[in-house]
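Next come the chains, spelled out residue by residue.
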Amino acid sequence: MAEVTYLEALRQGLWEELERDENVFMLGEDIGEYGGAFKVTEGFLEKFGAGRIIDTPISEAAIVGAAAGAAHMGMRPIAEMQFIDFISCAYDMLTNYVATARYRAGLATPIVVRGPSGGYVRGGPFHSQMPEAAFFHTPGLKLVCPATARDAKGLIKSAVRDDDPVIYFEHKFLYRRIKEDLPDDEEILTPIGKARVAREGSDLTIITWSAMVWKCLDAAEELASSDGASVEVLDLRSLIPMDDAAILGSVRKTNRVLIVHEDTRTGGIAGEITSRINEGAFEWLDAPVRRVTAHDTPIPYAPTLEDYVLPGADDVVEAARLLLAY
Amino acid sequence: MESALTPAAPPADLTQENLLEIYYFLRLTRSLEEQLVNLYRQGKVIGGLYRSLGQEGESVATSYALRPGDILSPLIRNLGSMLVKGAQPVEVLRQYMAKTSSPTAGREMNIHFNDLDKGFLGQISHLGDMVPVMAGIALTFKMRVERRVGMVYVGDGAMSTGAFHEGVNFAAVQKLPLVVVVENNGYAFSTPVHKQTRVASLADKGRSYGIASYTVDGNDVLAVYGLARQLIEAARSGEGTQMLEVVTYRRKGHAEHDDQRYQSEEELALWEGNDPIDRYVSRIGDAGWATPDDLERIDSRIEREISEAVGTAESDPLPEGESAIGGVFA
Amino acid sequence: MARVDVIMPQMGESIAEGTVARWMKQVGDEVKRDEPILEISTDKVDAEIPSPTSGTIIEIRVSEGETVEVQTIIAVIETDGTAVTAAVTDQPPPPAPEAETAAPEPAAPSEPAMAPPPPPPPQPPPPTTPSPAAAPGTMEERLRVKSTPLVRKIAAEHQVDLTGIEGTGYAGRVTKKDILGFIESRGQAVTVRTADIPSPALPTEVSHPSVQAWQGDRVEPMSRIRKLTADHMITSMRTSAHVTTFYEIDYTRVSEIRKANKEEYAARGARLTFLSFIAKAVTDNLRKHPILNASVSGQSIIYRHEINLGIAVALDWGLIVPVVRNADELSLIGLSKAISDLAERARTKRLSPDEVQNGTFTITNPGTFGSYAGTPIINQPQVAILGVGAIEKRPKVVTLDDGQDVIAIRTMGLVSLSFDHRVVDGADGDRFLSGIKNDLERFPEGSL
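Residue numbers (this note's numbering), protein chains in the order written: chain G, 21 to 346; chain B, 556 to 885; chain X, 2 to 449.
Read the hints as simulated data drawn from the structure, not as lab findings.
Nothing here was measured: the structure is a model prediction, and the numbers come from that model.
To give an idea of the chain G side of the interface with chain B (calculated C-beta under 8 Å), a few residues:
1. Y123
2. A128
3. D183
Beta carbons: idealized from backbone N, C-alpha and C, even for Gly.
Could you put together the complete structure from these sequences and hints?
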């Protein structure tokens, strides 16, 4: 066992997959000699060579498009977006080309597009986004968002092996804040599409993912100690495919649901989850489904503004109390 | 990096059999499209119909210059390129008629389909997007040290897109074995080239990326073939990305429903007199490489093949509605 | 010149926030170190907060009535300033995000001088007032106003008429817990098609129904202590299965002992009250009946090792329950002293937060106001509370040694024990109370 950070776990996962399969390669901006903006790929160039660790021009559409073309030929490309905020530059390529390829033309496109996501780091409007909903709506893309070091590793490895395109949202706030003992002698593969119960509880279910898992665990602890409430925290881990069985199972158990995400509110994924609960477990609800999300604004820079816009553990506690008393 | 219209020279590596085969594909392309027009007017072709009248020469010639194992990605007016690579008329008919037996089982339209084993990748409607994708395919060839080449078609309109820029630049930087065929056919839908760009020659754009770029008379089949062959082999031998601008003309509207009000009768007449198939027939006839009998025999074969294909395709059913579900993921 | 922050202190381990009750000093006032500058209110304790330094208050960031997290800066004092500067503190620029290093730690948010805006939604649940068109109409409409999908399903499965159940949820809504309790109380096994409908844990957020005020009425927001008390009482009634049992106790012997020793005790600084004797009897019997000195936690019972005796004290501004820690280790005089000390300090708001926490059993004494007997509400998460009724001389039938019954004048009083029937059976409660009765009626003088 060795204690590794979320970032190191991700790095290990990439490294292991590159070692395992020579069809795996990486492309992105500044990932080679520089080792990546966050040093995720430090040392990769030396180990795997410039043929497999490819520095590209600032061309997100070309990065994703080239990855798709290579994937058609049997390769397993991993495309890095330097910040996930820039994935919108490849939106056309991802939604029109990549997402449709299997359906319209029977083309396998096993690519991974990954990048540092999310806020709480004073990154301003263009280094803080969590643009999951933009791709959630497009059939044909899988979306994963690890919260723990173990899943950071396990999901990147599963994503590389998946036969479909996967967008891997890694949370930069967690990069060096989350540490976990991971076994050295065990291959970690987190199944895509399976949620994880981050905390067991019986009074209320909080459905969440990515960095919000940690905020919700803090909130659950607070609710336990000051309110005596037993809160279950469900870490979805994968948004597409979504673990409906885990969601509905937890709803049937606790009868009260709070959905928490970092992305903005309107058109956010909480809305979709709410609908699924309505359709699948309406009669099990003892209170309306509620959500805690970011406000509908871009992510501002000033700490006071960012903290106001993004959801915090206190917001979760407050919403949970409303539900518990409903 | 010359950009003059080079005179047609008979390519040394073509046999008489090759020359007749090129004729077959030229005529097949045109006849198949004419058949599609009929089907379209009969209401059997369901969506739009996009003609390549006047552009068959460069499509067939550039594709014919590739070798087995090479992969191309066509545009909507490159039916000829696909037929050369092995696409079957019946597949095209089924696609246009949205049959369950079509290569995409009714999910995609017209010539939006692919067969990577035969060497063609299906396009999407977003112009320029195929350039990065083909760069990725060429990247694979390079990484695997395979002596294969990718060819991607763009038009005067597609060159204005960001995807084109990113893809060509990426391919240029990576020195990928990719040939970019620029079809300068005068119009992107109704927009003439002078409203698309300020450059005098579209090949100048290629030069700005630092890649070898040439311009050729796109209606001179053998000239196109000869230059394409050179560029393909240059790419194959590690000289990096190449660009070939073929100057041609779109004699029909953007689609069958386009009244072409923006194209003058004089202009259309001028280019009708510069028809690539007519020029090719004269050329091989004058040179004594083919007899009228040879060509007539090929014409009859094409007529028969198309007639059979239409019969087969027409009788096929449309897909069941529920077959739309599934196949989004592996 | 230096600036010193005044922070909201953490008054007890579990305390997360505090309310500024009153500023005793204003911006511009000079203060001495340890001079009280404000009063705060946390949970059940009010406290004066002394100044951390001598100087001038230059900024007050949290206004009266506002509740903030502990450790929040609530005021700033300039140590040697006489001039009052603008209430703006210079903040260093937050570090720019550096891509090549770790994502930076969030910079300390610069607290605005004004109260920060409230946190983002959740919005409160929509008003549940039925629209005029849907007013008290059909059963279906009433159900929709008062229940939830789950409750309606359970009601259908058990043929329960929801209108007959009193709802404790938001706006009187019948909750899952209400209906399950109702079904259980009518003796029907609850079979709900779920793998696991757990017993709901303690909800502490309580909503009280709205009531229309009439012209001329005075509407006052509840004080913090009143709000807490209100919520606590509702929560307790919802949580525990309350049962109350009554015993009559003959205090004549205790009264005589008390009379005889009162002055001696007073000389030793203790007030020898009936309550002291009762407290002693209670602590002695709690040791013999540990189920009365317990808590319920989920599916478990926690038997408390400590016997911490809470004594309810009525104050002008509310109710408070100071706790005598390890009361069983104290002698009668020790108990007497502890009780009067705590009561006195409760009245003068000088209790420390720890002194109102971790009680394991509570005594309340409505008898001092003349009440004959009460049915007290359990102080959660305890499982029982003893109410002491008025102690006075009453006629009592006494059987003399020779077997003859006579009416005698005796010092009598009722005690009532409310206990949580979830874990305390009637026999447990009665054995406990009869032990107390026995001890008080035969109080050994040696115990003094």
